[in-house]
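S.K.: Every letter in the sequence shown is one number past the one before it in the UniProt record's numbering, and letter 634, counting from 1, is 634.
Quick caveat, the hints were computed from the structure, so don't treat them as lab data.
Don't be surprised by glycine CBs; every beta carbon is placed ideally from N, CA and C.
One thing to keep in mind: the hints can contain errors.
DEER-style ranges, computed between Cβ atoms [unchecked claim]:
| hint | residue 1 | residue 2 | range |
| --- | --- | --- | --- |
| 1 | Arg562 | Gly227 | 17 to 23 Å |
| 2 | Trp547 | His221 | 56 to 62 Å |
| 3 | Ser207 | Ala230 | 17 to 23 Å |
| 4 | Glu580 | Asp152 | 51 to 57 Å |
| 5 | Leu166 | Ile542 | 53 to 59 Å |
| 6 | Gly495 | Asp280 | 51 to 57 Å |
| 7 | Gly94 | Tyr342 | 41 to 47 Å |
| 8 | Asp85 | Asn19 | 21 to 27 Å |
| 9 | Glu528 | Trp429 | 37 to 43 Å |
| 10 | Gln135 | Gly457 | 18 to 24 Å |
| 11 | Asp280 | Asn460 | 39 to 45 Å |
| 12 | Tyr342 | Thr540 | 29 to 35 Å |
List time: in silico DSS-like cross-link candidates among lysine-lysine, alpha-carbon distance up to 27 Å [said to hold, decoys possible]:
| hint | residue 1 | residue 2 |
| --- | --- | --- |
| 13 | Lys617 | Lys549 |
| 14 | Lys549 | Lys611 |
| 15 | Lys617 | Lys515 |
| 16 | Lys549 | Lys472 |
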Amino acid sequence: MLPKRGEPRDVRSLYIVENESTPGRVTALDRTSAHIPAGTEVSFETYFNGFPASYWRRWSQLDEVQLRVEITGDARIDIYRSKIDGSRIAVTGGIVEVDEDGHGIAEFTVSLAPFEDGGWIWFDITCESDTTIHQAGWYATKDAAGQTLVSDTVVVDHATGESTTLKAGDVLDAPEPRVTIGIPTFNRPTDAVAALEALASDPVVDSVIDTLIMPDQGSKHPNDEPGFPAVQEHFGDRLRMPVQGNLGGSGGYSRIMYEARHPERGTDSPFILYMDDDIDIEPDSVLRSLAASRYAASPMLVGGQMLNLQERSHLHTMGEIIDRGSFMWTAAPHTHYDHDFYNHPLRDRGEYGENASGEKVDSKDLHRRIDADYNGWWMCMIPRVVADTVGQPLPLFIKWDDGEFGLRARDHGFPTASWPGIAIWHMAWSDKDDAIDWQAYFHLRNRLIVAALQHEGSPNGIITSMTKATAKHLMCLEYSTVAIQNEAMKDFLAGPDQLFEILETALPRINALRKTYPDAVVVPSAAELPAPAGGPAKLTDIPVKPWTKISRLAKVVANNLRSADPHFHDVPQVNLPPIEARWFSLGRLDGVTVTTADGRGVVYRKRDRDKALELAKESARLQKDVMARFDEMRQRYRVAHPELTSVDAWSKIFEPDTVSPESDSDE
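Using the sequences provided together with the hints, build the complete structure.
M.R.: See below:
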């Protein structure tokens, strides 16, 4: 796969490794063919063109893979593989034999045996003359076979609606290469139409799409966009756009699964592919996820990885897990957030200093196979048999619905792999304030709900992390965040019976509460406020040594024990960017503006000792209640779970005036 025409060098690094010292460079003729000047060496040891052999070794039916390259010119192909530490090993290679017209096809078969724990396969091409690569790809040497179940599973016959219980060890028929794609959208009409255009742009991708389901939950509609008529005409009856209220991501994705599985108007696609609306799609990733899913030894979720839409050579992470102590998502072992492939390609085994987290920067760990607990729904392929067995997503609005579904699927014998080389571009979290804005309510409430469903043993680790987070928010003058997190605990303790009832009403209620706090009110610019009066010396110096941290904490505590100077509620002491808005700086101030993560405005944070104390006391009381009642809540949520994830329950939301479809297949 080649980069799009005109892509900058950093994006090209995801596809090809060029020798920057040579005068010529690869010219992509289209997405699958390229012209390479004479005297040029090009490597395909890259994110999109390397073959992630360890994932295919672990999860697929294959024990070998074939490279097929078609060229015109005089060139040599060399195949290499890597070990778990990124070290390179030559495998095979040779001059491409060509006919009198200079045209030739080279084929090489490579065993997947040495890739138990990690490793990629790739090829380099050395061109003695101007050379055209017409096509190149990694191919299976056999057709996809049936998939073996590892646990008892309910399979629904789409034609008859009848369900059958199969046992572990039974083999399902080989799935066909067909998919239903679902993209929920909310007030992103331009992005939604762009996603449809991207899917329509590749004829091969288009040929495997049975149906596109795009639940429209907003007031700005894709069908009002200039480009919509063209994609509507292209997809015809394959495009379905049910209109519903704002039920969040979980409501949108649940509607997709509901429509795909509907006994009357559903599809018979073997796979359902979830994608976000605010992404830049690499269309070939659809085909790759379909291939990985079809060739899986057993049914599994195949997750696409996330590249940074603003720094397009940056990878969010190779995989994520749930920390079973604090019950919080985190990077899987041996993964690193925000890896830059331009500066640190797959071949980078050296050490080039440390990143902001203090980690050594190289690419060694990218050669490990990473085992994930779940994959974000920015792109995730779900086999139909998984949906038929485990049911619908939980009614959580946003946050944790993907994590819970992945954990639930795993409990039923369906693992998840975040698959390298399958990816989309998505906005980075660093450009969002989701840890402190309205989403903080859903972060905490849903984390507690999923913990009640999945966490075994004492909740001490969860409560400890919540206590630390509350203290940090209060020191950072983020009173609105603590207020809505208190609401999150209240709603968790209210139990599962109200989740559908508040699915559409929780967000307006939380937003109304936030607006009563100045730290949640965005001002277009600090220039609209009085000039800063000045703050303490060395305010933003980062405390590194233990005694410095203790000293700074003492100053923060002392300041927060005093009443705030009301003057600084009218005149801020300083204007701080997000990178300097830390507990050790904000906790020493009475009034400060902090720029929003997207840089489009500021919030005026005002210290209020009495309000902070009130919120702290309420938070402590609620955390104590969560601790004391966790076993009770664990039982209540687990008893309610089958109903919360049933087709029947969701049908009352989606189609309250009609007879609900059968839900015998759901738990």
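S.K.: Next, verify each hint and record whether it holds.
M.R.: Here's how the hints hold up against the structure:
In this structure the hint that Arg562 and Gly227 lie 17 to 23 Å apart at CB is violated, the actual value being about 58 Å. Checking the proposed 56 to 62 Å range against Trp547 and His221 shows it holds: the Cβ atoms sit about 59 Å from each other. The hinted range of 17 to 23 Å is satisfied by Ser207 and Ala230, whose Cβ atoms lie roughly 18 Å apart. Checked against the given bound of 51 to 57 Å, the beta carbons of Glu580 and Asp152, roughly 55 Å apart, stay inside it.
Between Leu166 and Ile542 the CB atoms are about 57 Å apart, so this pair conforms to the stated range of 53 to 59 Å. Hint check: Gly495 to Asp280, Cβ distance near 40 Å, so the stated range 51 to 57 Å is violated. At roughly 31 Å, the beta-carbon separation of Gly94 and Tyr342 lies outside the given 41 to 47 Å, and the hint is violated. Taken as a hint, the range 21 to 27 Å holds for the pair Asp85 and Asn19, whose Cβ atoms sit roughly 25 Å apart.
Range check, Glu528 to Trp429: about 28 Å between beta-carbon atoms, so the 37 to 43 Å window is missed. For the pair Gln135 and Gly457, the beta carbons lie near 54 Å from each other, so the given range of 18 to 24 Å is not met. For the hinted restraint 39 to 45 Å between Asp280 and Asn460, the CB-CB distance of approximately 42 Å keeps it satisfied. At about 30 Å, the CB distance of Tyr342 to Thr540 agrees with the hint of 29 to 35 Å.
Restraint check: the Cα-Cα separation between Lys617 and Lys549 comes to about 25 Å, which is no more than 27 Å; the hinted pair holds. With a CA separation close to 26 Å, the supplied pair Lys549 and Lys611 stays within the 27 Å bound. Restraint check for Lys617 and Lys515: satisfied, since their Cα atoms lie roughly 21 Å apart, inside the 27 Å limit. Between Lys549 and Lys472, the direct Cα distance comes to roughly 14 Å. Compliance with the 27 Å bound is thereby established for this hinted pair.
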